[in-house]
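Chemist: Sequence:
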Amino acid sequence: MAGAWFEEEKVNPHLLTIGIALLFILIFGGMPVLRKEEPSLQLVAVVLVLTALFIAASDLTGVSPHPVIFVILLYVSTMRCRALVDLGNLLSSWGYHQRALSLYRLAMRLGPDSPALLSALISYGAVLVRVGALDEAIRVLEEVLEKWGEDLPPKHEAACHYNLGVAYLRAPGRARVQPDYRCLAPVSVRPARQRSAGEEAIHRPAPRRAEKRG
Numbered sequence: 050m051a052g053a054w055f056e057e058e059k060v061n062p063h064l065l066t067i068g069i070a071l072l073f074i075l076i077f078g079g080m081p082v083l084r085k086e087e088p089s090l091q092l093v094a095v096v097l098v099l100t101a102l103f104i105a106a107s108d109l110t111g112v113s114p115h116p117v118i119f120v121i122l123l124y125v126s127t128m129r130c131r132a133l134v135d136l137g138n139l140l141s142s143w144g145y146h147q148r149a150l151s152l153y154r155l156a157m158r159l160g161p162d163s164p165a166l167l168s169a170l171i172s173y174g175a176v177l178v179r180v181g182a183l184d185e186a187i188r189v190l191e192e193v194l195e196k197w198g199e200d201l202p203p204k205h206e207a208a209c210h211y212n213l214g215v216a217y218l219r220a221p222g223r224a225r226v227q228p229d230y231r232c233l234a235p236v237s238v239r240p241a242r243q244r245s246a247g248e249e250a251i252h253r254p255a256p257r258r259a260e261k262r263g
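So the sequence shown is residues 50 to 263, counted in this note's numbering.
Hints are supplied without guarantee of correctness; some may be wrong.
Dumping the calculated EDC-like pairs for lysine to aspartate or glutamate here, alpha-carbon to alpha-carbon at most 16 Å [claimed, not checked]:
1. K196 <-> D162
2. K196 <-> D108
3. K204 <-> D108
4. K85 <-> E199
Hint data in this document are derived by calculation from the structure and do not stem from the laboratory.
None of these values were measured; they are calculated from a predicted model.
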């Protein structure tokens, strides 16, 4: 035949790189929003800078690396701290508390964004309570509450108060001079709109019974 039915079109590698970067931002940058946490502007900035550098290097060298390499580069550069925190949590659940603490410290030294730093600090404080480093745990958890304050997501606020209360109860003399966190009910750290149906039933006033008329 004189011509082919169609001519195969090659995808522009730069457009593919930009598409991967935007998809990465949408997926990993949108996850905190779905969890009602603060979105990471640092992640967006790092992805955009790496994308520009990746395209510039491809133009200078005339080589277009495989897209999987670009994805791995983005993941390692932006999610390394979260991965370390998750690994630390796993090790702590297996009883390797000291190794978990080392991973949390490493994650905090690698320049994490605000959500990753918050997760690292709370996990660090919780494991400090487990190993009996109560004064250090109290210091870390109180700093979290003081720094983030009302901006803490409900689950992180609940974790802070719970572990701080356990630390106060176990630390000698702390329970007498520090605020009593034992009085905090689970529903006190969550907005009313997030209460379960059972908790709403507890807080809902009982209906009045209709009086019988003679």
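Chemist: Within a Cα-Cα threshold of 16 Å, do K85 and E199 meet the stated pairing?
Modeler: holds (13 Å)
Chemist: Compare the distance between the alpha carbons of K196 and D108 with 16 Å, and conclude whether the hinted pair is satisfied.
Modeler: violated (44 Å)
Chemist: Hint check: K204 vs D108, CA-CA at most 16 Å. Holds or violated?
Modeler: violated (46 Å)
Chemist: Regarding the pair K196 and D162, is the alpha-carbon distance no greater than 16 Å?
Modeler: Cα-Cα ~15 Å, so holds.
The structure fails to meet hints 2, 3 from the earlier list, while all remaining hints are met.
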